[in-house]
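A.B. asks: Residue strings, one per chain:
2 protein chains.
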Amino acid sequence: MAEPKENPLMEKIVSLCKRRGFIFQSSEIYGGINGFWDYGPLGAELKRNVKELWWHAMTRQRDDVAGLEATIIMSPQIWKASGHVDTFADTMRECPLTKKRVRADQVEPQSGTAYTFLGAGETKKIEAWLNLFPHDLRNQKIKLLLKPWEQPAFGNVLAGEKNPYTPPTDYPDNLEGRIQKEAFESIKRDTILVLLPIGKPEESVIKKAKEYYYANGFYEPFLFEAWTIKQSGQTLDSIDYHPESGFLLSPPRPFNLMMETNLGPVVSADSKAYLRPETAQAIFAQFKNVLETSRQRVPFGIAQVGKAFRNEVTPRNFTFRSREFEQMELEFFIKPDEVIEAIHGSVFRVHGSGSENSDPGTLNREPQPNWGWEAWHKYWVEERVRFYEGIGLSRETLGFHIQTKEELAHYARACTDILFKFPFSKKDEHGNVAGDELEGIAARSDFDLSQHQRFSGKPMGVFDDELRAAWAKLPKEKSDELWKRYYENRKNYLTKSAKPDETPEQISQQATEDANGLAKGQYIPHVIEPSAGVDRLILALIANAYSEITETDDKGKTETRVTMKFHPRVAPIKAGIFPLLKNKPELVKKAQEVRELLRPWMNVFYDESGSIGKRYARQDEAGTPFCVTIDFDTLGEKPELLDTVTIRYRDDGKQERVKISELLDFLLSKIR
Amino acid sequence: MAEPKENPLMEKIVSLCKRRGFIFQSSEIYGGINGFWDYGPLGAELKRNVKELWWHAMTRQRDDVAGLEATIIMSPQIWKASGHVDTFADTMRECPLTKKRVRADQVEPQSGTAYTFLGAGETKKIEAWLNLFPHDLRNQKIKLLLKPWEQPAFGNVLAGEKNPYTPPTDYPDNLEGRIQKEAFESIKRDTILVLLPIGKPEESVIKKAKEYYYANGFYEPFLFEAWTIKQSGQTLDSIDYHPESGFLLSPPRPFNLMMETNLGPVVSADSKAYLRPETAQAIFAQFKNVLETSRQRVPFGIAQVGKAFRNEVTPRNFTFRSREFEQMELEFFIKPDEVIEAIHGSVFRVHGSGSENSDPGTLNREPQPNWGWEAWHKYWVEERVRFYEGIGLSRETLGFHIQTKEELAHYARACTDILFKFPFSKKDEHGNVAGDELEGIAARSDFDLSQHQRFSGKPMGVFDDELRAAWAKLPKEKSDELWKRYYENRKNYLTKSAKPDETPEQISQQATEDANGLAKGQYIPHVIEPSAGVDRLILALIANAYSEITETDDKGKTETRVTMKFHPRVAPIKAGIFPLLKNKPELVKKAQEVRELLRPWMNVFYDESGSIGKRYARQDEAGTPFCVTIDFDTLGEKPELLDTVTIRYRDDGKQERVKISELLDFLLSKIR
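Chains as they are written, first to last, in this note's numbering: chain A, 1 to 672; chain B, 1 to 672.
Just so you know, these hints were derived from the structure itself, not from any lab. Values in this document were obtained by computation on a predicted structure and should not be read as measured data. Even for Gly, the Cβ is constructed at its ideal location relative to N, Cα and C. Treat each hint with caution, since some may be false.
[Said to hold, decoys possible] In silico lysine-lysine, DSSO-like type, Cα no more than 27 Å apart, as pairs: (1) A:LYS80 <-> B:LYS18; (2) B:LYS80 <-> A:LYS307; (3) A:LYS670 <-> B:LYS51; (4) B:LYS659 <-> B:LYS582; (5) A:LYS582 <-> A:LYS638; (6) B:LYS427 <-> B:LYS405; (7) B:LYS207 <-> B:LYS124; (8) B:LYS99 <-> A:LYS272; (9) B:LYS272 <-> A:LYS99; (10) B:LYS427 <-> B:LYS565; (11) B:LYS307 <-> A:LYS272; (12) B:LYS458 <-> A:LYS12; (13) A:LYS654 <-> A:LYS557; (14) A:LYS272 <-> B:LYS272; (15) B:LYS421 <-> B:LYS51; (16) A:LYS307 <-> B:LYS307; (17) A:LYS405 <-> A:LYS426.
[Unchecked claim] Reference excerpt, derived from the structure (chain B facing chain A, CB under 8 Å, subset only): (18) GLU28; (19) ILE33; (20) TRP37; (21) GLU45; (22) ASP63; (23) ILE72; (24) GLN77; (25) ILE78; (26) LEU263; (27) VAL290; (28) LYS307; (29) GLU324; (30) ARG599.
So that you can see chain A by itself, here it is in the shape it has in the complex (with noise of 0.2 Å):
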């Protein structure tokens, strides 16, 4: 669960994490658990800010998003409906050795050589029968014993081919032939291939490849190596090897990565359940019922922050990628373009969505009645960044990857990629880093509501009055046209989803009537989708606002002290409040005063104990962006200073005079 030790920056913020109670290891104190993490007091403060922004500004500061919280275990049916069940998975491939299994995108290169061994048989069996000849020709016999699977079939078995080599059934009935007929009967032909990195002694793998047919069953192996591939001496450098047994992994195969358990008393095939891999299906699953209470109508979205699952090989980064993480996720429901197109007579266009090229005055903030899917998207990418840099998250600290068309999903329109330069994000052949993804907003054209209906039997189409009215007033060219284009959409995607028993008749049936909706007002929503990820975001925010200060005092003694550089927004503790000396009653009761006017409104901190300029390096620490100190001036030593007291900057140190009047509305101000 270690950090890799390349990475000081990252291994310093790991420790920062866990000195001062932002991230634990879940379950630390039983060794741990595997891509699962804990957030201690000062981390479940800053998630919290994270995630009340968040939902601040996608729900309660909008008036076309409505929120909904629904659960973790859901109906299976809505994960087949998904395609989760199907292919929600990772490709990957296994150790024969250990079983362990590793993503087949993501296995480290290895170099050395490769060794060969074409199967074992039992030592003892072996060792008598060699001892029928003489000492020096064993080597020979030991060839013989391998001939028939030598040299010209070793391609095939490579290749996973079994071995045409049959052992001979008739042996001569005496002593010898019953020691040939057990040696050869022990054998088995079970190829594996081990690497020995350069540099290694050559037991090392002799000693891996004999735990392997131990493990298989042989009592002492015997080992037969293919010694003309290993002479060769040839090193390789290759992807087909397990990082840590050196072993030849089997053949890519898929991995679901959702996680099951089961409900109810009896456990059995209708018992099982999927923990969800994404908060997104809940929101279609329950799209009717949202926009039948919640007198919204198409462009709305739905909002949701929660838990999800994924079953990861290989947990990494910290809590980058982890277990158990939680998502924002919002589905705004757009209009398709064949329906803003029959109502406006045009759909806006934008182009270059979402890239740093794009230009962000071809589009208005205010969404438009004729925005298209491609505005709605463009619109999306830059509110969202917006909210970022509302965090303290610069353009700067920010990438994009626009997906190609061979990354996106068939039924995907576009997607954008939020990335943040980590500091485990890697460097291309330039030296630039391009950052990991922190939120995707995808344009997912109407594939998810369309899925949702064919599933559950139930309508997700909307009906839209002004659709109907625009449709019947339209040139009967253009509807003909607007019709054609819709009902090709729909077949494409009826086609690409269709059960193996639907003809083309019935696909073709279904987009025509699909498309005869339009003439009705009737059509299936389409969505764009900005998905963000907490955990990410929460390790982004501590990335960014980790910074060191190295101070020499008086004495000459160096010391390095860290700042945690949080937005306003987002710090955990908004105030540290100190009473300049802990045994002067009435300092401790004004500063309690001053707790107690904050505290409704904000987190804060008290603190007496130490001297101010060690109180300073704990807040700065937890990321307190600013200090209030009661000092003998507040309590009038300075009349004109009376009730007024210092607030001290995180950031630059600098300090000013507030009236305790004012202070509420002032940290207010800052903080909001």
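Chain B: place on chain A using the hints.
C.D. replies: Quick look at chain B alone, frame taken from chain A:
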């Protein structure tokens, strides 16, 4: 999944929850999933408000509580230490026919005549044998066939013993003999009892018995009935029969309520993990991490809100008992009474903790250093009741249940349940409603931390300088007495929790070590646990808010309207904002300005469609406490009312005029 028909109020509540988007059935389009409920737009806001208020009251408003957000899946070791793997089980009984299980303590009594079937044979084979005899002898022959295991052994069969009868082994070596052999060998003595409800035809019970034997391998079962029993015609009233099938239930067996899953690519015993059945254990497991990072010292608490899962056999009462639910738990760690006494000379005690009969005057609201566990327990009961009062649940709607010695877990010292009088809560014999549990406040001694110390091998104790100093000054007599008391408590815990291989000597030695620790300032904290269920609290708030008004309009038409009288603190929408007319741009613009003014501070709902009366009614049903109307006076039609709005109160319909400039503060003062 339907609610019992007998409760019209619950039916209305369930219906309103769906109609207005408070609560939907999870996965409704796929027929739902038993025991899972989703929160729609209004429900999600209501739930967020409640969780936020709890978090605020429990952590941010206090200096002595730190927050935590741990994972749902933790190391399985945690559940071994907590006892959940071994004992978190419902005692269940199974129907032998359907294999459906019911909770042993929840079987509804069934009345009827019990039919006993002593076993069955294969009809064709028995008939062939009977055909060997004259028709009038058949009944006698059947009795003969049964004779060996009839009356005398019958009582034993019922008690679950094997029937001592073994069929003959010698048969005549002729056709009759072979027929007899086949008939006798086809018989299986597999006794079942089935209840025939009064008035139902006998055929129904015979059909069920045949189904049972058919399911157990008979092609066509020939039933052997113990008609002596049947003919007695005795009517039973018993909780031993399955309410649906009528079959005698299996003996009670434990059934673990934890949901299981598997982690990692390989499914094995090692990969098993559990979905947490409570949030509390994470707090204990992270106790040391939080203590070390949060600058807290005992007494202090750790608070957590989060999902938990229990595989309830019979989820019921809407969201009251569901399989996925959310908890708000605080573990408040305190010093053992012996430590208090060592430091302060005596322990401040209270009695009658938490009941209505207890005198609140005996307890200072401000925690005192000399409080023992009883005072802390009572304090938390009072704090929690105040919380409920603060969100609109008056003391009259609540009830208390003080667990008796018999109900308490062996390690618990006290537990007070705070109840709410739900519409489905049962009446006692005097017609009084006690209510159902909202929250339990338990005094759990040092059991939990001790268990994790034993199972993880990591020390869970704390060091207390004040204790060490005080101990050193104690008269020997006093320190001996305290030592002895602490020793006995520890020995008692260690004995009850001992592993099988621990000897009394080892236990006594460990208890001695623990007691010796006191002199060095070391002890394991005790804990008070206020543990609340979010979903049942939401249901309580909804039930409490629900009120109907029946109005008769000018035309004599009677209409029943629902008003949800939520406390403004929890109401999903705080204010409705209405321009008087939607076709007057000045009104709309002003109303939108008011919306923008309020929106950063509270959830508002802007509505311009329909009459003001209709808009009020919509907000009444949503539970919105205030509606703000922007009319022509707002625009200055009456100059003295320029920039004022009408506020209308949900609960009494009263209206008042407020300046826009004062509106935000006015509303904030009401909703916080």
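A.B. asks: If a hint holds in the structure, say so; if it does not, say that too.
C.D. replies: Status of each hint after checking the structure:
| no. | hint | in the structure |
| --- | --- | --- |
| 1 | A:LYS80 <-> B:LYS18 | holds (25 Å) |
| 2 | B:LYS80 <-> A:LYS307 | holds (25 Å) |
| 3 | A:LYS670 <-> B:LYS51 | holds (25 Å) |
| 4 | B:LYS659 <-> B:LYS582 | holds (22 Å) |
| 5 | A:LYS582 <-> A:LYS638 | holds (20 Å) |
| 6 | B:LYS427 <-> B:LYS405 | holds (24 Å) |
| 7 | B:LYS207 <-> B:LYS124 | holds (18 Å) |
| 8 | B:LYS99 <-> A:LYS272 | holds (17 Å) |
| 9 | B:LYS272 <-> A:LYS99 | holds (17 Å) |
| 10 | B:LYS427 <-> B:LYS565 | holds (25 Å) |
| 11 | B:LYS307 <-> A:LYS272 | holds (20 Å) |
| 12 | B:LYS458 <-> A:LYS12 | holds (25 Å) |
| 13 | A:LYS654 <-> A:LYS557 | holds (23 Å) |
| 14 | A:LYS272 <-> B:LYS272 | holds (15 Å) |
| 15 | B:LYS421 <-> B:LYS51 | holds (21 Å) |
| 16 | A:LYS307 <-> B:LYS307 | holds (9 Å) |
| 17 | A:LYS405 <-> A:LYS426 | holds (23 Å) |
| 18 | GLU28 | holds (7 Å) |
| 19 | ILE33 | holds (5 Å) |
| 20 | TRP37 | holds (7 Å) |
| 21 | GLU45 | holds (6 Å) |
| 22 | ASP63 | holds (6 Å) |
| 23 | ILE72 | holds (6 Å) |
| 24 | GLN77 | holds (4 Å) |
| 25 | ILE78 | holds (6 Å) |
| 26 | LEU263 | holds (6 Å) |
| 27 | VAL290 | holds (6 Å) |
| 28 | LYS307 | holds (7 Å) |
| 29 | GLU324 | holds (5 Å) |
| 30 | ARG599 | holds (6 Å) |
The structure agrees with every numbered hint stated previously.
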